[in-house]
Every structure is written in C-alpha cells, then in structure tokens.
Amino acid sequence: MTEVKPARVRFAPSPTGRFHIGSARTALYDFLLARQSGGQFILRIEDTDRNRFDPQAEKEYYEALRWLGLKWDEGPDIGGPYSPYRQSERTEIYRKLTEELIAGGHAYYCFCTPERLTQVRQLQQKRKEPTRYDGLCRRLSPEEARDRALGGESYVIRFKTPQEGQTTAVDLLRGPITVDNQTIDDYILVKSSGMPVYHLAAMADDHMMKITHVLRGSEWLPTFPLHVLIYEAFGWQQPIWIHLSVLLNPSGKGKLSKRSAVDPKSGAKAVFVNDLRKMGYLPQAVINWITLMGWSYDDHSEFFPMGDLIEKFSIEKLSPSPAAVNFSKLDHFNGLYIRSLSTDELAEQLLPFFTAAEIDADLTEIKVLVPLIQERIRTLDEAVNMAGFFFQADVHPEPSELIGKKMSAQDSACAAEKAHEVIQTLSESEFEQLEHALRDLADELEIKAGQLFGILRVAVTGQKVSPPLIESMVIVGKKTVLARIARAAEILNTLE
RNA sequence: GCCCCCAUCGUCUAGAGGCCUAGGACGCGGCCCUCUCAAGGCCGAAACCGGGGUUCGAACCCCCGUGGGGGCACCA
Numbered sequence: 012m013t014e015v016k017p018a019r020v021r022f023a024p025s026p027t028g029r030f031h032i033g034s035a036r037t038a039l040y041d042f043l044l045a046r047q048s049g050g051q052f053i054l055r056i057e058d059t060d061r062n063r064f065d066p067q068a069e070k071e072y073y074e075a076l077r078w079l080g081l082k083w084d085e086g087p088d089i090g091g092p093y094s095p096y097r098q099s100e101r102t103e104i105y106r107k108l109t110e111e112l113i114a115g116g117h118a119y120y121c122f123c124t125p126e127r128l129t130q131v132r133q134l135q136q137k138r139k140e141p142t143r144y145d146g147l148c149r150r151l152s153p154e155e156a157r158d159r160a161l162g163g164e165s166y167v168i169r170f171k172t173p174q175e176g177q178t179t180a181v182d183l184l185r186g187p188i189t190v191d192n193q194t195i196d197d198y199i200l201v202k203s204s205g206m207p208v209y210h211l212a213a214m215a216d217d218h219m220m221k222i223t224h225v226l227r228g229s230e231w232l233p234t235f236p237l238h239v240l241i242y243e244a245f246g247w248q249q250p251i252w253i254h255l256s257v258l259l260n261p262s263g264k265g266k267l268s269k270r271s272a273v274d275p276k277s278g279a280k281a282v283f284v285n286d287l288r289k290m291g292y293l294p295q296a297v298i299n300w301i302t303l304m305g306w307s308y309d310d311h312s313e314f315f316p317m318g319d320l321i322e323k324f325s326i327e328k329l330s331p332s333p334a335a336v337n338f339s340k341l342d343h344f345n346g347l348y349i350r351s352l353s354t355d356e357l358a359e360q361l362l363p364f365f366t367a368a369e370i371d372a373d374l375t376e377i378k379v380l381v382p383l384i385q386e387r388i389r390t391l392d393e394a395v396n397m398a399g400f401f402f403q404a405d406v407h408p409e410p411s412e413l414i415g416k417k418m419s420a421q422d423s424a425c426a427a428e429k430a431h432e433v434i435q436t437l438s439e440s441e442f443e444q445l446e447h448a449l450r451d452l453a454d455e456l457e458i459k460a461g462q463l464f465g466i467l468r469v470a471v472t473g474q475k476v477s478p479p480l481i482e483s484m485v486i487v488g489k490k491t492v493l494a495r496i497a498r499a500a501e502i503l504n505t506l507e
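Residue numbers (this note's numbering): 12 to 507.
These are calculated hints, taken from the structure and not from any lab test. Treat the numbers as computed from the prediction; the structure is a model and nothing was measured. Keep in mind that a hint or two might mislead.
What the hints assert, rightly or not - With a cut-off of at most 30 Å between alpha-carbon atoms, the simulated DSBU-like pairs for lysine-lysine come out as follows:
hint: 1; residue 1: Lys70; residue 2: Lys171
hint: 2; residue 1: Lys137; residue 2: Lys276
hint: 3; residue 1: Lys429; residue 2: Lys416
hint: 4; residue 1: Lys490; residue 2: Lys417
hint: 5; residue 1: Lys107; residue 2: Lys137
hint: 6; residue 1: Lys340; residue 2: Lys137
hint: 7; residue 1: Lys266; residue 2: Lys82
hint: 8; residue 1: Lys328; residue 2: Lys340
Unchecked claim - Here are the computed distance ranges between Cβ atoms for each label pair:
hint: 9; residue 1: Phe314; residue 2: Glu110; range: 51 to 57 Å
hint: 10; residue 1: Gln248; residue 2: Thr194; range: 52 to 58 Å
hint: 11; residue 1: Thr179; residue 2: Gln133; range: 45 to 51 Å
hint: 12; residue 1: Asn260; residue 2: Asp84; range: 53 to 59 Å
hint: 13; residue 1: Gln248; residue 2: Leu374; range: 52 to 58 Å
hint: 14; residue 1: Lys266; residue 2: His311; range: 29 to 35 Å
Backbone N, C-alpha and C define an ideal beta-carbon position, used for all residues, glycine too.
Whenever a hint applies, use it, and build me the whole structure from the sequences.
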C-alpha cells in the first residue's frame with residue numbers, strides 16, 4: 012500500500028444479540044483498513060433501542076473482538092478524543108442537531124399515533140401503493156407544531172425529504188445509485204422517547220467522529236439515499252461509503268441464519284464467533300476464512316496470516332455480490348493454521364480442551380503427544396477424542412474391532428498374546444525398537460504387519476483410528492501397553 | 001405489491017475487450033506414499049444464466065428478460 016491517508020473507521024454494533032460472523036467480517040475489514048493506513052479503528056456501541064437492549068451483548072462483542080485480535084483504538088471502555096462512544100450517552104448531541112435540522116426546515120414534528128400510522132400503511136398495502144408516511148404533519152405550520160410539542164403532546168421528529176428531484180448516492184463498490192426522492196419516506200429521526208434512531212445517530216456520530224470510510228452491510232442500501240440527504244441537510248462532507256455483501260446460508264438460499272451449522276453435541280452455532288472458539292477453531296483461521304468471503308487478493312493466494320492481510324488488504328477488491336458461507340473451508344483453514352503452530356503453541360491451545368473434557372493433562376504431557384496429532388486434527392477439540400487414551404487409566408475397545416483384518420478371533424488372540432511376550436522381553440531402553448520386533452513377529456505369524464498393528468492399535472488405544480501406533484505405545488509406556496494387550500487377549504478369547 | 005442490489009465450476013473466487021482450449025481454493029473422484037487416520041504429492045470431473053446489441057473481436061461494455069438476494073418499524 013502506498014501513500015494511503017490514515018483512515019478512521021468504526022465498527023458500530025448494536026448490543027441486541029450475539030456477535031455474528033457477518034459482523035465479524037465487517038469489523039475485520041474496518042480493522043485492516045485502519046491498520047494498513049495508519050489510522051484508527053473505533054468501536055462504537057449503538058444502543059439507542061432500549062427495548063432490545065441486551066446487557067450481555069456488549070461483553071460478548073468485547074470478548075470476541077479481542078479473541079480475534081481486533082484491537083480497537085477508541086471505544087466505550089477505553090475512551091478517546093470523541094467520547095463518549097456509547098450512543099445512549101450522546102443524546103445531548105443528537106438533541107442539538109435535531110433542533111438545527113428543524114430550524115433549517117429539514118425536519119418536522121409529527122404527532123401521528125402509531126395506530127394511525129398502521130392504518131395508513133394497511134390502506135396503502137390494500138391499494139398496492141408503496142407504504143410510506145402520508146405527510147399529514149408535514150403540512151403543519153412550524154409555529155403550531157412547536158406549540159403543540161411544548162404543550163406536552165407526544166411527538167416524533169421526521170426528516171423532511173424533498174418531494175421532487177433525485178438523489179444520487181455513491182457506493183465505492185457499486186458506483187452511483189440514483190433514486191427519485193418521491194420514493195424516500197419521511198423517516199422518523201427521533202422517537203417519542205427522545206431517543207434518535209439509527210438514521211440520525213449513526214450519521215451524526217460518523218461525522219462528529221471524523222469517520223472517513225463507512226463499511227456496513229448491504230441491508231443499508233435501501234436507506235442509503237436518505238443518509239446522503241441527511242448529510243446534505245447538515246452540509247457535511249460525506250465519507251466513502253462501502254456496502255458489504257450479505258452472507259448467505261451454505262445452501263446459498265437466504266441470509267445466513269442462526270440455525271446454520273449447529274453442532275449437535277454442544278448446541279454451538281458456527282455463525283457466532285464465541286461459539287467458533289468453543290468448537291476448537293483458531294482465531295487466525297476464522298480471520299482468514301471470513302476475509303475471503305467477499306475479498307480476494309489474486310488468482311492463487313489464500314493463506315493470509317494477519318500481518319499479510321494488513322499489508323495486502325484493499326477495499327477496491329471487495330466484492331459486491333452475496334457470498335454463501337462454506338464451513339468445510341473453515342475446517343481446511345483451521346487445519347492449515349494448526350499445522351503452522353509450534354509444538355508449544357499448539358499444546359497451549361489444546362490444554363483448555365482437555366480440561367473442559369475433564370481429562371487431567373498438563374502442558375508437558377500434551378507437548379509430548381502434539382507431534383503425533385498435529386497433522387491429524389482439524390479442530391482443537393478433536394484432539395480430545397484422538398488422544399484421550401493417553402490419559403485414561405483404561406481403554407474400552409469394542410470387542411469386534413479387536414479382531415484383525417481377515418483373521419479369526421482366535422488367531423487375533425494368539426497374535427496379541429505373542430505380541431505381549433515380545434514386548435515383555437524388551438527393556439525400557441529397547442522399547443523404541445518396538446517396530447522391528449513387531450514386524451518380525453508378524454512375519455513369524457505369517458500375517459501382514461498391518462493386521463498385527465490393527466489388533467494392537469485397538470487394544471492399546473481403544474480406537475480403530477489413532478495416532479501412529481509405535482510412537483503412541485512408546486508414550487503410553489511399556490507397563491500400560493502390556494496391560495492393555497493382555498486385556499485385549501482376554502476379550503478375544505471370550506469371542507468365538 | 002413497491003424500492004434497491006447482485007449474477008463465472010456445487011461453494012468462495014481470478015478475470016477490469018484480444019493474454020481464456022476461463023486460472024486458484026474448498027469439497028468430490030482416482031493414483032502414489034503408508035501400521036489406521038491424517039498430512040503430503042500427482043491426476044481428474046466441474047462454470048462464463050438467456051436473448052439482443054456495440055466491436056474486427058465480449059466472461060468482460062449497453063439494453064431487455066430470467067434468476068437470486070436485501071429492504072419497506074417510534075430495530076439497527
């Protein structure tokens with residue numbers, strides 16, 4: 012990136028629900044733009060809707076953002092030059108701006124009741140007309156309106172949309188979007204509670220906070236011209252507008268929903284960032300994955316650690332078309348990042364998953380087995396199933412699985428017993444030469460090494476699929492290996 | 001119903017008029033490697049929504065269809 016001006020970019024979630032990967036993607040693009048330009052990434056909480064407010068939500072956003080490594084430069088918790096960063100604490104600012112708008116003839120008081128508005132809407136629907144405010148209070152004289160408001164009558168403030176002409180709004184990715192002003196409603200700017208709605212609050216804050224690039228979801232496209240009109244009414248200079256594509260369900264049908272990709276075991280949903288963490292995904296993998304939904308670098312690069320992203324990201328290469336999420340690609344990236352970790356790093360990531368599964372493992376123990384599982388797991392939690400046998404006192408193999416390939420139970424039992432003998436003769440120091448000994452035994456028994464290994468694998472690990480057998484046996488230790496093989500032989504002998 | 005946006009393999013995408021017999025990735029199939037499973041290597045199937053223009057030439061530009069998505073709240 013050459014000579015870009017420092018960008019001031021904001022991520023402005025509404026604390027009404029969980030932190031979705033769609034929002035995470037927006038936040039990520041914000042972050043990248045700020046970092047690569049040497050600008051600021053700002054966190055602003057848009058909590059003007061007191062009815063939908065969820066006290067848990069803000070915390071979840073903080074947590075998830077931190078986990079992803081998207082550190083903000085200004086925000087409600089850390090302050091900044093344009094404090095406060097929580098809209099509910101900025102009402103005085105909005106109040107003054109509203110007065111300015113009314114005085115300039117760009118907004119008016121409206122006394123219509125919600126009931127009347129519903130009636131109007133229903134009538135319009137019946138007549139198959141566009142649904143919009145019918146303008147009753149727009150025709151009130153400013154003096155009369157002010158008197159009624161001062162007299163205690165309940166009111167809202169509406170934007171006085173020009174009734175003629177057109178408005179052109181320019182989106183960086185889509186170019187100019189021109190609409191007839193007639194199609195733009197006289198939107199409510201301030202609710203009867205005195206709280207502003209998004210259309211006023213977000214525009215005001217973006218301007219006051221000197222935001223240079225507004226990145227937001229394409230669900231704002233329909234009201235985009237309204238926002239331009241509001242900027243013009245105030246005489247403010249517009250930021251660069253970028254409307255990101257929506258994320259679609261994996262099927263490509265419909266907007267990504269909360270029902271998508273639910274983990275049946277934990278009930279975790281792969282659409283929420285904090286759930287992704289619990290499901291054993293690495294933040295770098297999640298970042299790399301969501302970056303590529305709607306952005307690309309060239310015709311062959313896909314692996315982008317954060318440092319590369321900051322360097323290579325560019326808003327011009329963002330795509331305007333909707334993208335269906337592909338969870339198997341997340342698995343792929345997660346595998347890639349797991350394999351890119353050092354033994355120590357991966358062990359540290361793994362520890363909490365063993366703990367959560369109530370397996371008493373410490374870091375040193377995990378480090379020993381990491382090399383055996385590193386290239387075999389796609390999510391961190393898989394390590395528990397794959398390597399749990401290292402820590403358990405006993406394994407409980409499925410008896411039928413103990414039988415060697417193309418072998419009888421008796422022959423398998425015999426093979427297990429012979430293996431037991433062979434291993435027993437080995438001293439701890441010779442234990443690492445196990446493989447030769449066992450291969451020789453297989454020859455002697457006139458079976459394939461794979462057949463013998465299969466029996467021992469299930470005997471020692473309790474699993475048909477496991478890390479490499481010999482290495483696993485060495486870690487498990489001679490004593491336990493012998494006990495487990497002996498037990499397996501017993502089981503096999505009961506099978507006829 | 002009204003308004004807006006979008007349109008290349010199943011999915012994410014490269015492609016900004018000739019470099020395209022359309023490239024990469026995930027997934028899928030096959031082979032190799034191999035103690036299972038992975039990882040890795042190699043190979044393969046798989047797309048320019050349709051119709052009109054413009055042009056010597058169109059996946060790329062324009063128009064019309066069609067399809068998909070989004071929005072029509074005192075929510076954001």
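Here's how the hints hold up against the structure:
1. Lys70 <-> Lys171: violated, 37 Å
2. Lys137 <-> Lys276: violated, 48 Å
3. Lys429 <-> Lys416: holds, 17 Å
4. Lys490 <-> Lys417: At roughly 29 Å apart (the allowed maximum being 30 Å), lysine 417 and lysine 490 satisfy the hint.
5. Lys107 <-> Lys137: violated, 39 Å
6. Lys340 <-> Lys137: Judged against 30 Å, a Cα distance of about 47 Å means the pair is violated.
7. Lys266 <-> Lys82: holds, 28 Å
8. Lys328 <-> Lys340: holds, 21 Å
9. Phe314 <-> Glu110: 51 to 57 Å: holds, 54 Å
10. Gln248 <-> Thr194: 52 to 58 Å: This hint is violated: roughly 25 Å between Cβ atoms.
11. Thr179 <-> Gln133: 45 to 51 Å: violated, 33 Å
12. Asn260 <-> Asp84: 53 to 59 Å: violated, 34 Å
13. Gln248 <-> Leu374: 52 to 58 Å: holds, 55 Å
14. Lys266 <-> His311: 29 to 35 Å: holds, 30 Å
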